[in-house]
Amino acid sequence: MVAGDATPSPKKHKRGSSARDSIDGNDTELAFPRDVDLDQTPTRYSNAALYTSFRPRASRSTSRSPTKSRSTSGFSDRQSNASSSARRKFIELPLKEEGIVKRELSDALTDQDAPAAIRSMLQKIRSLERCRGVLCQSRRDDPSFTPLMRDADLDDAVYAVSKDHPASRLTAANAQEIVADARRCFLMDHDETVWNADVHNMLLRMVLRPATGRQARLGDFSLCTTASVIKDYLPEGEAEKKVDFCMYINPSADPDVGLQSKIDALRRALPETSLNHTSYVALCPFPISVSLETKRPGHDLNGAVLQIGIWQATHWKMLRRLLSWTAPERLRKQGRVSASPEDVGALVNDELAKLGALHGVLIQGHDWSYVATSPESLDSLNAHSLKTVLWLQKSFGQTSTELGVHQVAAFLEQLNTWSTQVYWPWFKRCFLE
Numbered sequence: 001m002v003a004g005d006a007t008p009s010p011k012k013h014k015r016g017s018s019a020r021d022s023i024d025g026n027d028t029e030l031a032f033p034r035d036v037d038l039d040q041t042p043t044r045y046s047n048a049a050l051y052t053s054f055r056p057r058a059s060r061s062t063s064r065s066p067t068k069s070r071s072t073s074g075f076s077d078r079q080s081n082a083s084s085s086a087r088r089k090f091i092e093l094p095l096k097e098e099g100i101v102k103r104e105l106s107d108a109l110t111d112q113d114a115p116a117a118i119r120s121m122l123q124k125i126r127s128l129e130r131c132r133g134v135l136c137q138s139r140r141d142d143p144s145f146t147p148l149m150r151d152a153d154l155d156d157a158v159y160a161v162s163k164d165h166p167a168s169r170l171t172a173a174n175a176q177e178i179v180a181d182a183r184r185c186f187l188m189d190h191d192e193t194v195w196n197a198d199v200h201n202m203l204l205r206m207v208l209r210p211a212t213g214r215q216a217r218l219g220d221f222s223l224c225t226t227a228s229v230i231k232d233y234l235p236e237g238e239a240e241k242k243v244d245f246c247m248y249i250n251p252s253a254d255p256d257v258g259l260q261s262k263i264d265a266l267r268r269a270l271p272e273t274s275l276n277h278t279s280y281v282a283l284c285p286f287p288i289s290v291s292l293e294t295k296r297p298g299h300d301l302n303g304a305v306l307q308i309g310i311w312q313a314t315h316w317k318m319l320r321r322l323l324s325w326t327a328p329e330r331l332r333k334q335g336r337v338s339a340s341p342e343d344v345g346a347l348v349n350d351e352l353a354k355l356g357a358l359h360g361v362l363i364q365g366h367d368w369s370y371v372a373t374s375p376e377s378l379d380s381l382n383a384h385s386l387k388t389v390l391w392l393q394k395s396f397g398q399t400s401t402e403l404g405v406h407q408v409a410a411f412l413e414q415l416n417t418w419s420t421q422v423y424w425p426w427f428k429r430c431f432l433e
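Under the working numbering, the first residue of the sequence shown carries the number 1, and numbering increases by one thereafter.
Read the hints as simulated data drawn from the structure, not as lab findings.
In this text the structure is predicted, and so the values were computed from the model without any measurement.
Where a beta carbon is used, it is the ideal one built from N, C-alpha and C, also for glycine.
Any given hint could be a false lead.
Result set (DSBU-like, lysine-lysine): computed pairs, CA atoms no more than 30 Å apart in a straight line [what the hints assert, rightly or not]: (1) K89 - K394; (2) K354 - K231; (3) K163 - K333; (4) K163 - K262.
Derived Cβ-Cβ restraints for the label pairs, each shown as a range [said to hold, decoys possible]: (5) S144 - V257: 36 to 44 Å; (6) R209 - P425: 39 to 47 Å; (7) S340 - R217: 36 to 44 Å; (8) D264 - L187: 43 to 51 Å; (9) R205 - S144: 19 to 27 Å; (10) R184 - K96: 37 to 45 Å.
Using the sequences and the accompanying hints, generate a full structural model.
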């Protein structure tokens, strides 16, 4: 049994029409306005609707789970049809109001309009490609790394410049175990579920759950193959998509002792009491930060891109909603008692720009690649936009070699650092202060 596997949760009894909660100690009406079109932009809302705030009556999603296993009969035809369907979908998506526009990550390093958060991740990958800062400093005097240093022709630049620099903390034996398991999965032509259990889950556990005692970790991960998104957050006209793993924040590990009461008040006001865009009960108390989608070697990469694209577009829509719902109170604290729709829209776009990007990982057999999404606030005609930009894609490691495993581990450490030091502080400032 794979740790963290998700099962659909039972539906909850219908709540009352409103709740009076307080996030910061002041009584604030937190009943989502039923007369507001949830798919309008923030700038189209009325002041009255905004001030009654943020509790949509979301029913738990009952969409059918994407099938993760298929019979061998007709597999190639179905795979080809699925890939063609995903390609057709990407032709239609840019035309929709809440659609997805594809961009190449290779453009981001030279495009000054690309989010700084994405450029920072690409710079990390560039360093890893050059074998710089791959291993943590504590491995410098470890004799078990001598064969790797010799065989891969590495020098001292492979070690991190400081102990706080995100780098692989795996032992030599850890990397060798992952390579052996990945090789077995490849040679036996295992399905995605076996790759997830024997390789991807094990590597994520080694990186994100090191043996450091029983204390709670601020950054963690979960298998989430059955986690349904909340329908109110799904981009208009799109079918539900799921991903295989996610990285999330565990607020109980935050040292702020006064944080839990604010979290409880916020959760009471949110659909499915969820701090993320899913209705999966086990994940509801945790903000999701990074998403990972997996496929077996050679299988439906276009489908994986579509899955993570729509999943993260749903995440962005949730963040827009929460920012819109909380904006009037935040503006009031700034001295603007009567906030206009334009004021709210400007605050939403400004905060999304400060976050910059949501990061993701596509895994196809041995190969691990970085993807990201960012909000398109203005389109090519300088008009307000609700689209999501999907940035594709940059390889950062593979599980076919020990060095490749350490490169994957180092980048996962970077993503975890972003989750705990960027996403979580942003989330707290926007929704819990």
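Hints and how they fare:
The straight-line distance between the Cα atoms of K89 and K394 is roughly 22 Å, inside the 30 Å bound, and the hint therefore holds. Restraint check for K354 and K231: the C-alpha separation of about 26 Å stays at or below 30 Å, so the hint holds. Between the alpha carbons of K163 and K333 the distance comes to roughly 40 Å, so the proposed pair goes past 30 Å and is violated. Note on K163 and K262: the hinted pairing is violated, with a Cα-Cα distance of about 34 Å set against a maximum of 30 Å.
Separated by about 42 Å at the C-beta atoms, S144 and V257 satisfy the suggested range of 36 to 44 Å. Checked against the hint of 39 to 47 Å, the pair R209 and P425 fails, with Cβ atoms roughly 22 Å apart. Hint check: S340 to R217, Cβ distance near 42 Å, so the stated range 36 to 44 Å holds. For D264 paired with L187, a C-beta distance near 50 Å keeps the hint of 43 to 51 Å intact.
For R205 and S144, the hinted distance range of 19 to 27 Å is satisfied, since their beta carbons lie about 20 Å from each other. Against the hinted window of 37 to 45 Å, the Cβ-Cβ separation of R184 and K96 comes to about 43 Å, which satisfies the hint.
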